[in-house]
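Can you make the complete structure from the sequences, with help from the hints?
Going line by line, the protein sequences match chains G and F. Position 84, counted from 1, in the first sequence is what our numbering calls 84; the numbers after and before it change by one each time, with no gaps. Position 339, counted from 1, in the second sequence is what our numbering calls 339; the numbers after and before it change by one each time, with no gaps.
The reader is advised that the hints may include incorrect statements.
Since the list can't tell identical chains apart, any single copy or any two copies may satisfy a pair.
Here are the computed lysine to any residue pairs in the SDA-like style, where the Cα-Cα straight-line distance is at most 20 Å [what the hints assert, rightly or not]: (1) K133 - E116; (2) K61 - S337; (3) K61 - E196; (4) K61 - V106; (5) K189 - R26; (6) K61 - T335; (7) K189 - R21.
Keep in mind the hints are simulated off the structure, nothing from the lab.
Protein chains: 2
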Amino acid sequence: MLYEQIGEEVRNYIDQLTKPRGSLGRLEELAIEIAKMTGERFPRVTPPGVLVFAADHGIAKEGVSAYPQEVTTQMVLNFVRGGAAINVFSQQIGAIFAVVDVGVAVDVDEEGVINEKVAYGTKNFAHEQAMTKEEVERAVQAGYRQASAMIDRGIRCLIVGEMGIGNTTTASALLAAMSGRCVAELVGKGTGIHDEAIAHKRAVIERALMLHQPNASDPLDLLTKIGGLEIAAMAGAMLAAAERHVPILLDGFICTVAALIAQRLNEQVVHYMIAGHESVEPGHHVALQLLNKEPLVRLHMRLGEGSGAAVAFPIVHMAMAMLHMATFSSANVSTGSDHHE
Amino acid sequence: MLYEQIGEEVRNYIDQLTKPRGSLGRLEELAIEIAKMTGERFPRVTPPGVLVFAADHGIAKEGVSAYPQEVTTQMVLNFVRGGAAINVFSQQIGAIFAVVDVGVAVDVDEEGVINEKVAYGTKNFAHEQAMTKEEVERAVQAGYRQASAMIDRGIRCLIVGEMGIGNTTTASALLAAMSGRCVAELVGKGTGIHDEAIAHKRAVIERALMLHQPNASDPLDLLTKIGGLEIAAMAGAMLAAAERHVPILLDGFICTVAALIAQRLNEQVVHYMIAGHESVEPGHHVALQLLNKEPLVRLHMRLGEGSGAAVAFPIVHMAMAMLHMATFSSANVSTGSDHHE
Numbered sequence: 001m002l003y004e005q006i007g008e009e010v011r012n013y014i015d016q017l018t019k020p021r022g023s024l025g026r027l028e029e030l031a032i033e034i035a036k037m038t039g040e041r042f043p044r045v046t047p048p049g050v051l052v053f054a055a056d057h058g059i060a061k062e063g064v065s066a067y068p069q070e071v072t073t074q075m076v077l078n079f080v081r082g083g084a085a086i087n088v089f090s091q092q093i094g095a096i097f098a099v100v101d102v103g104v105a106v107d108v109d110e111e112g113v114i115n116e117k118v119a120y121g122t123k124n125f126a127h128e129q130a131m132t133k134e135e136v137e138r139a140v141q142a143g144y145r146q147a148s149a150m151i152d153r154g155i156r157c158l159i160v161g162e163m164g165i166g167n168t169t170t171a172s173a174l175l176a177a178m179s180g181r182c183v184a185e186l187v188g189k190g191t192g193i194h195d196e197a198i199a200h201k202r203a204v205i206e207r208a209l210m211l212h213q214p215n216a217s218d219p220l221d222l223l224t225k226i227g228g229l230e231i232a233a234m235a236g237a238m239l240a241a242a243e244r245h246v247p248i249l250l251d252g253f254i255c256t257v258a259a260l261i262a263q264r265l266n267e268q269v270v271h272y273m274i275a276g277h278e279s280v281e282p283g284h285h286v287a288l289q290l291l292n293k294e295p296l297v298r299l300h301m302r303l304g305e306g307s308g309a310a311v312a313f314p315i316v317h318m319a320m321a322m323l324h325m326a327t328f329s330s331a332n333v334s335t336g337s338d339h340h341e
Numbered sequence: 001m002l003y004e005q006i007g008e009e010v011r012n013y014i015d016q017l018t019k020p021r022g023s024l025g026r027l028e029e030l031a032i033e034i035a036k037m038t039g040e041r042f043p044r045v046t047p048p049g050v051l052v053f054a055a056d057h058g059i060a061k062e063g064v065s066a067y068p069q070e071v072t073t074q075m076v077l078n079f080v081r082g083g084a085a086i087n088v089f090s091q092q093i094g095a096i097f098a099v100v101d102v103g104v105a106v107d108v109d110e111e112g113v114i115n116e117k118v119a120y121g122t123k124n125f126a127h128e129q130a131m132t133k134e135e136v137e138r139a140v141q142a143g144y145r146q147a148s149a150m151i152d153r154g155i156r157c158l159i160v161g162e163m164g165i166g167n168t169t170t171a172s173a174l175l176a177a178m179s180g181r182c183v184a185e186l187v188g189k190g191t192g193i194h195d196e197a198i199a200h201k202r203a204v205i206e207r208a209l210m211l212h213q214p215n216a217s218d219p220l221d222l223l224t225k226i227g228g229l230e231i232a233a234m235a236g237a238m239l240a241a242a243e244r245h246v247p248i249l250l251d252g253f254i255c256t257v258a259a260l261i262a263q264r265l266n267e268q269v270v271h272y273m274i275a276g277h278e279s280v281e282p283g284h285h286v287a288l289q290l291l292n293k294e295p296l297v298r299l300h301m302r303l304g305e306g307s308g309a310a311v312a313f314p315i316v317h318m319a320m321a322m323l324h325m326a327t328f329s330s331a332n333v334s335t336g337s338d339h340h341e
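Structure representation (structure tokens):
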């Protein structure tokens, strides 16, 4: 599925550029990885696309978030009006931006919000299954469809973001199930809860896992029992990007958990993922390890929305620019002894 | 010298933006730091300026580099023709770019190269002093003058780069003297030498330090005995930026050693520095620790030219963009419990 041969050609070409071998470190690796993904010797990653999926979580009723549930809707409106972090960052990187309601708890009648609502939020998985298998499938398809539409509009790199009050709890439950790690290791303060609330959040997740006993390798079972609609949609979006050979720049904790779900839907999709950043949410480190991805930046962020990926995007862009440097022969620069091994 | 009050105002303002408190991590700190430096509530860092100083090093005669000395000149020509890594990165960040010959070993008659030549390279400090005190002063002044000229042209953030075959040896000697750390801890492969050559490079530096016994707190003594013309100029450029309240985004090992020299010329200049990246050159970590600066990115780079700072620049730019987000009240978003402590 990857263009290995073109990746190797790019690797050799990079050694002809006017710089010591390997001296651009991770940028060189990025250029090779993206050449393999896209099959292009001089890949383009602009314009990137930022696709934010919003949904509500029944688990929010357990008091696991620092914010009331209506903030999901309020932030969706903030997204279409351009006031959120992901808006200013998207603008900075010249991204095509869209926000998709895949399961907000109320009707959002606002121009600019793409309506793919599957349900008015998930059920509270502390007591019952989060959703039906059919809802999972519809959410995955909505994500797939919207990412495909963005790719049709010409994006060359996909950033998938999310908004959903309570979704670090959902993502933590999914990760605990998939990783087999203990909940206490994975759960942090989310967007800003305090120690007592963290203990409560952990207990809620532990009880839910006992109740549902999800199958760690079955993405449909995981999402049905303890999933989120936006997480399902994000996984679907990643499937579309991989299928179309478009690099996926991962955001934070929720997004990386969605990536693990996508991996369980199709193992190949992982080859199209680049880890944008590592957030301070403790589960994120574990999720990145499971994916075997090294983040580009660690900036102590924990916002979501796609913001960490957007901040990392210029590094990917720089790696593509690197390929347009002069070569030793074109610039008449002497090669060093590292070229004569 | 810093606008502390404005920094505190910006800190409070950031907590009103539509995101959980502290959730943009290092970006929030950057915005506050730059507000303190510039005295602006909504600071601009664009356009950045990239100022590359080139000079040769007599110590290169000791066979400490993977590249022959003529590469300094060849790369200066590559810079003005736009083929080097720093060119493609400068273009990407919309930087005003200039290259200054402050001590290349031959005459460089090429349009676009700013001539501030102080000497045809330094002397070989394995055997004699690198330069005279007067040459040090002229090089510092050249850097100061060129950075001032760029600031006059409107740059809002200064990146100082360098080119000089042999200059990791010079910088390692300076850092060993300033830090008191043993040479073996600081010296790595530079732009690409192998184990045997590293041992030789370390021995050359140790002997030079024994010979000259430079005064660790006297920047003139350090530069005279074991310095480099471009390192002196970089330090001078930093003095100009700090004086004009322009943030300095530090590049890699050589640049950070120049920053330590600048600090010894004027302690205040450190408050205007932001560490762009951490290179794989082992001395860079030590130099950043001495400056008490945490790098924005670690991408296994080791090129110099200002390239690491240029790659980090978009993160600084994002931090400024963040300040243009909506506030909770302007966007009608409910605040979370983290706002009611």
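- [ ] Indicate which option fits the pair K61, E196 if close means a Cα-Cα distance not exceeding 20 Å: within, between, both or neither.
- [x] within (17 Å within a copy, 65 Å between copies)
TODO: Up to 20 Å between alpha-carbons, please classify K61 paired with V106: within, between, both or neither.
DONE: Answer is within; shortest intra-copy Cα gap is 15 Å, inter-copy 74 Å.
Task: Status of R26 relative to K189 across identical chains (alpha carbons, at most 20 Å) - done: between (31 Å within a copy, 17 Å between copies)
Open item on the list: For K189 and R21, with the copy left unspecified, which applies at a CA distance of at most 20 Å: within, between, both, or neither?
Closed with: between (42 Å within a copy, 12 Å between copies)
Open item on the list: I want to check one pair: K61 and T335. Are their C-alpha atoms no more than 20 Å apart within a copy, between two copies, both, or neither?
Closed with: Intra 64 Å, inter 17 Å, cutoff 20 Å: inter-copy only.
- [ ] Can you give me the call for K61 and S337, within, between, both or neither, at a CA distance of at most 20 Å?
- [x] between (65 Å within a copy, 15 Å between copies)
- [ ] At 20 Å max between alpha carbons, let me know whether K133 reaches E116 within a copy, between copies, both or neither.
- [x] within (17 Å within a copy, 72 Å between copies)
Checked against the numbered hints listed earlier, the structure breaks none of them; every hint is satisfied.
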